[in-house]
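K.L.:
Two chains, two frames, a set of hints: combine them into the complex.
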Amino acid sequence: DVKVTQSSRYLVKRTGEKVFLECVQDMDHENMFWYRQDPGLGLRLIYFSYDVKMKEKGDIPEGYSVSREKKERFSLILESASTNQTSMYLCASRTGGKDTQYFGPGTRLTVL
Amino acid sequence: LAKTTQPISMDSYEGQEVNITCSHNNIATNDYITWYQQFPSQGPRFIIQGYKTKVTNEVASLFIPADRKSSTLSLPRVSLSDTAVYYCLVGDQGFQKLVFGTGTRLLVSP
Numbered sequence: 174d175v176k177v178t179q180s181s182r183y184l185v186k187r188t189g190e191k192v193f194l195e196c197v198q199d200m201d202h203e204n205m206f207w208y209r210q211d212p213g214l215g216l217r218l219i220y221f222s223y224d225v226k227m228k229e230k231g232d233i234p235e236g237y238s239v240s241r242e243k244k245e246r247f248s249l250i251l252e253s254a255s256t257n258q259t260s261m262y263l264c265a266s267r268t269g270g271k272d273t274q275y276f277g278p279g280t281r282l283t284v285l
Numbered sequence: 014l015a016k017t018t019q020p021i022s023m024d025s026y027e028g029q030e031v032n033i034t035c036s037h038n039n040i041a042t043n044d045y046i047t048w049y050q051q052f053p054s055q056g057p058r059f060i061i062q063g064y065k066t067k068v069t070n071e072v073a074s075l076f077i078p079a080d081r082k083s084s085t086l087s088l089p090r091v092s093l094s095d096t097a098v099y100y101c102l103v104g105d106q107g108f109q110k111l112v113f114g115t116g117t118r119l120l121v122s123p
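Residue numbers (this note's numbering), protein chains in the order written: chain A, 174 to 285; chain U, 14 to 123.
If we strip away everything but chain U, and leave its shape as in the complex, we get (with noise of 0.2 Å):
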């Protein structure tokens, strides 16, 4: 599975917009990028997942440029709820098994 680089860490204030980047830059041509979240004591939960270009749930936005060497989770009006790690994996969409690594943890402030 391609490798995965987060920053370790984000501070933001409740209301605005985050931006979380996560670079691969040996994606393969098979593989898809997806975003887990997870709160202190309980499992990674599904977030969103994309191949190119755009794509938006109810959640978030996941952003990746046309090299899909990076990509950007974004998280419209965050609240105090939102403080967790999120994990971005990279890997073909049949891939067995996930592997995390050490993820950005978002801080939210009031």
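One chain only, chain A, in its complex shape (with noise of 0.2 Å):
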């Protein structure tokens, strides 16, 4: 069964604050993916990992940086926190061609 787990359910951060979101996959897949999720506007792709070192930027990339040093760990990185940063961040994996995406349990995090 393919696990991704994200290294936090809950955060809280204060404005201005440097913020890292770990996501770990365990079935060795070579393309990873960080969304945000608001109400109403679904999930929106930030950045994506085609492999080790590699990163390409989604829709949403201002605000944020990733790195992807190894295969298995894709971070998500706020350089400084903003309260409309405040949303739920979900990680994904699959392998690299066809096939789908599976997702982390999702982050939630919070910006005063």
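Since the hints were made in silico from the structure, they are not lab data. Computed from a predicted structure; not experimentally measured. Check each hint, because a few of them may be wrong.
[What the hints assert, rightly or not] Pairs of lysine to aspartate or glutamate, DMTMM-like flavour, derived with a Cα cap of 20 Å:
no. : chain 1 : residue 1 : chain 2 : residue 2
1   : A       : K228      : A       : E245
2   : A       : K176      : A       : D201
3   : A       : K186      : A       : D211
4   : A       : K243      : A       : E203
5   : U       : K16       : A       : D211
6   : U       : K16       : A       : D232
[What the hints assert, rightly or not] Okay, the calculated beta carbon distance ranges per label pair:
no. : chain 1 : residue 1 : chain 2 : residue 2 : range
7   : U       : N38       : A       : P212      : 23 to 33 Å
8   : A       : R246      : U       : R90       : 39 to 49 Å
9   : U       : S122      : A       : P234      : 39 to 49 Å
10  : A       : E203      : U       : T69       : 23 to 33 Å
Glycine included, every Cβ here is placed at the ideal spot set by N, Cα and C.
P.N.:
Below, the structure is given as structure tokens:
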């Protein structure tokens, strides 16, 4: 069974703090993704990674960066958290090519 | 990716069959149709995927007419635990990202 884990289920940070969200998958998947989910807006792609040390911007990359130093781990970084980054953050992974994405449980981040 | 349209919400009772229809008028030749389920405070979970006609697995069935401009997710004999949001997505199997709409919120009552 594919397992995607995220470092925290709930996180509260203050405006201006640097925030790290970690995602780990145990199925040797090449591709990993970070989404945020907001009411009425559905899931929106922030960044994705085809493979180690590779990254591509998604639809809403502003204010975020990512790191993929190891195949199993994909980190999302909020350089200076702002209140409009309060959201549910979802990580997903998949094998390269034709396959579905498998999601982690999500991290609900609140920025005060 | 092709845009999809689904009902915002549906209500049902335990034991009933639920059919959720998704419209995707501009589906491309290479596009597949995929459905995900999401419970509150959890990530979406893959349910079923199909290209044409009918696909069935242990959880659901997916009906796709010949013109492929719509599809219907069928959940047999729903239970309270099927209360969730259901998303329909359309795209090439090789596409790198998923574009989720607002989904259909299914409420199953006793």
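K.L.:
Decide, hint by hint, whether the structure agrees.
P.N.:
Quick rundown of the hints versus the structure:
Between A/K228 and A/E245 the alpha-carbon distance is near 14 Å, which keeps this suggested pair within the 20 Å criterion. Between the alpha carbons of A/K176 and A/D201 the distance comes to roughly 10 Å, so the proposed pair stays at or under 20 Å and holds. Among the hinted pairs, A/K186 with A/D211 is consistent with the structure: their alpha-carbon atoms are about 18 Å apart, no more than 20 Å. With a C-alpha separation of about 10 Å, the suggested pair A/K243 and A/E203 falls inside the 20 Å cut-off, and the hint holds.
The hinted pair formed by U/K16 and A/D211 meets the criterion: a straight-line CA distance of about 19 Å does not exceed 20 Å. Simply put, U/K16 and A/D232 have alpha-carbon atoms about 16 Å apart, close enough for the 20 Å limit, and the pair holds. About 26 Å separates the C-beta atoms of U/N38 and A/P212, a value consistent with the hinted range of 23 to 33 Å. As the Cβ distance of A/R246 to U/R90 is approximately 41 Å, the hint placing it in 39 to 49 Å holds.
For the pair U/S122 and A/P234, the beta carbons lie near 41 Å from each other, so the given range of 39 to 49 Å is met. A/E203 and U/T69 have their C-beta atoms about 30 Å apart, which keeps the hinted 23 to 33 Å range intact.
Comparing the model with each earlier hint shows no violations; every hint is respected.
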